[in-house]
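Given the coordinates of chain A, assemble chain B onto it according to the supplied hints.
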Amino acid sequence: MTTKEMTSHLEEALSRWEEQTLRPTLARLPERAAEFTTTSLRPIKRLYTPLDIQHLDFERDIGFPGEYPFTRGIHPTMYRGKLWTMRQFAGFGTAFDTNKRFKYLLEQGQMGLSVAFDLPTLMGLDSDHPLAEGEVGKCGVAVSSLEDMEVLFDGIPLEEVTTSMTINAPAAVIFAMYLVVAEKQGADWKKISGTIQNDILKEYIAQKEWIYPPAPSMRLIVDTIAFCTQEVPRWHPISISGYHIREAGATALQELAFTLRDGIEYVEWCVRAGLDVDAFAPRLSFFFNCHNDFFEEIAKFRAARKVWARVMRERFGARDPRSWMCRFHTQTAGCSLTAQQPYNNVVRTTIQALAAVLGGTQSLHTNALDEALALPTEFTAMLALRTQQIIAHESGVVNTVDPLAGSYFVEALTSEMERGCYEYFEKIDAMGGMIAAIERGFPQKEIQEAAYRYQQAVDRREKIIVGVNEYVLEKEPIEVPILYIDESVAEIQKERLRRLRARRDNAKVHRTLEALKEAARGTENTMPYILECVRAYATLGEICDALKEVFGEYQEPPF
Amino acid sequence: MGERKIRVLIAKPGLDGHDRGAKVVARALRDAGMEVIYTGLRQTPEQIVTAALQEDVDVIGLSILSGAHMTLVPRVMQLLQEKGLQDVVVFVGGIIPQEDIPKLKALGVAEVFLPGTLLEQIVNVVRQSVKRSLETSE
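Sequence order for the protein chains is A and B.
With the first letter of the first sequence counted as 1, position 515 gets the number 515 in the working numbering; the numbers rise by one all the way through.
With the first letter of the second sequence counted as 1, position 124 gets the number 124 in the working numbering; the numbers rise by one all the way through.
Quick caveat, the hints were computed from the structure, so don't treat them as lab data.
If you're wondering where the values come from, they're calculated on a predicted model, not measured in any experiment.
Certain hints may be false.
What the hints assert, rightly or not - Derived DSS-like pairs (lysine-lysine); straight-line CA-CA distance at most 25 Å:
hint: 1; chain 1: B; residue 1: K5; chain 2: B; residue 2: K131
hint: 2; chain 1: A; residue 1: K508; chain 2: A; residue 2: K548
hint: 3; chain 1: A; residue 1: K475; chain 2: B; residue 2: K83
hint: 4; chain 1: A; residue 1: K100; chain 2: A; residue 2: K184
hint: 5; chain 1: A; residue 1: K475; chain 2: A; residue 2: K517
hint: 6; chain 1: A; residue 1: K45; chain 2: A; residue 2: K103
hint: 7; chain 1: B; residue 1: K23; chain 2: B; residue 2: K5
hint: 8; chain 1: B; residue 1: K23; chain 2: A; residue 2: K475
hint: 9; chain 1: A; residue 1: K445; chain 2: B; residue 2: K23
hint: 10; chain 1: A; residue 1: K82; chain 2: A; residue 2: K4
hint: 11; chain 1: B; residue 1: K23; chain 2: A; residue 2: K463
hint: 12; chain 1: B; residue 1: K131; chain 2: B; residue 2: K103
Excised from the complex, chain A in its bound form (with noise of 0.2 Å):
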């Protein structure tokens, strides 16, 4: 039979499965509502046959996993070789507070680092910053110079594990810090790993924490890659972010397209400072996020996978097959955690973490079940973990490579997904890239018309949400214990920078901000003149204040 055939009988049996076994079931029993839809609000529909997969081609589309378009994965035998990074994402109070749980969570089988900073930090504010006040130590762990990061890692061999930092505006200056308490445990810059996050464009976008305007912005992340390629080659020196995005409200497929437009933002950027694709494509990453829609979600990662590769390969012209790979670290969606009976969170991150793996994930962050309403004890961070580890090694479906392939509903979903992003992509390169789509709101006024209209459907039932607009009881049942970060922090580190301030050779510091600011003004890679700085003890709010008189601050304009 000849293709044509082959779709002609197809729709022949379809149609008569339709009319004689469909529609008397559905005169008796109607089904339970008009639209069935995404947690994305996507229709879909009743059921997926060939017909709906007849545009794929499998060597084409679907392929090999470790083979371009990657869509079955990065790897050619994926978690057989090697299981996921469980990366859990830590950090609150002092430095020492967090060195304390980044030991325990290693005692307890995590693979790898990832710090969470306190707001101040991730706003390049000192902890006695006016600002600051209220806010040190609360939603992340507070660091303030070069000491404070000492402290953080004290004990922990900086060449044996990779660490994750999410850190964006004022990443350089963390990264340098991190660089620095490694030459001082004789660790080689030539083989530590890990990642800063390092992705501003997603702060225009949602998660709004940045410092200076978009050009000065996305000339210190060009500084930090470059950097990467010649002094810390194992280093992932950006992880292109759609997990706040999502957050923030956007649909799955905005998530998606966003951030690989993002990430094209960045490649154009380094080209055009003229780094070799080749040269810094491989060490790009990624990072999404995953509700609780269970096949959407497979179909992003998937799609994803496939899309950056035919960008990297056909936009780009990049000619290392690592050059187009989408690698990526995910994390289960906080905004999906629920402070109604915060219990059932933990069934919730369990389907979403099932989801990355069967997505394909190299990393992976699991939320704990009281994150709706303070930071996780150390037993909810415990059970988060455990919930990875009952994934990777009871679940039985890390035996086999992308098991969902050729499913003609993900598969269908992946195209779909596929499709939406390149549409996406055209608009905002009619707009003229990703600055000027932020400049004028595009992507942010999606996001808010997206999270409005998800909350409309909460509101109005179409969309059940469990203990929140059904199942609800009055009083919850068993109380969650909370960690609590109280003022000492604040109290501690103030009195650890004004020890520092009157310690330090403030003559050094001086020098060191002053080449720093001149080299800004030109040029040149800031990186050196960063180092130099965190070496003399210069504090993350000075050296991001000495960038501010240069490059100025953003305003977000108005929309």
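Quick look at chain B alone, frame taken from chain A:
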């Protein structure tokens, strides 16, 4: 008085940039017929109270997800007292541990909304509180 639209200031105090909740709530209150002013990110308690005074609002909604609520909310409440704005109804929304809720209410916060609160509930509680506040002040 009954015809006057309820005026609401939605504010983001502190360094927290998570504005999804603030924006969704602002829109829901607007769709429910209220006048809503959104301050934008990273406002100090002083800026928020000044805006409340200038805009002559009935309600302030403070959105905080960073854990700094026990520092920021008392400052706002104190400044409202000082400016003679104690009739303004204050709501807090965000990541707030259970044990802080009675403390915030003791400061005069009318209600604390946690993740998962339905918009309809927020709209209703805001309407009722403003009604109560007007009745007691008349």
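Verification of the hints:
no.: 1; hint: B/K5 <-> B/K131; in the structure: holds (12 Å)
no.: 2; hint: A/K508 <-> A/K548; in the structure: holds (20 Å)
no.: 3; hint: A/K475 <-> B/K83; in the structure: violated (38 Å)
no.: 4; hint: A/K100 <-> A/K184; in the structure: holds (20 Å)
no.: 5; hint: A/K475 <-> A/K517; in the structure: violated (58 Å)
no.: 6; hint: A/K45 <-> A/K103; in the structure: violated (48 Å)
no.: 7; hint: B/K23 <-> B/K5; in the structure: holds (19 Å)
no.: 8; hint: B/K23 <-> A/K475; in the structure: violated (29 Å)
no.: 9; hint: A/K445 <-> B/K23; in the structure: holds (11 Å)
no.: 10; hint: A/K82 <-> A/K4; in the structure: violated (42 Å)
no.: 11; hint: B/K23 <-> A/K463; in the structure: holds (20 Å)
no.: 12; hint: B/K131 <-> B/K103; in the structure: holds (24 Å)
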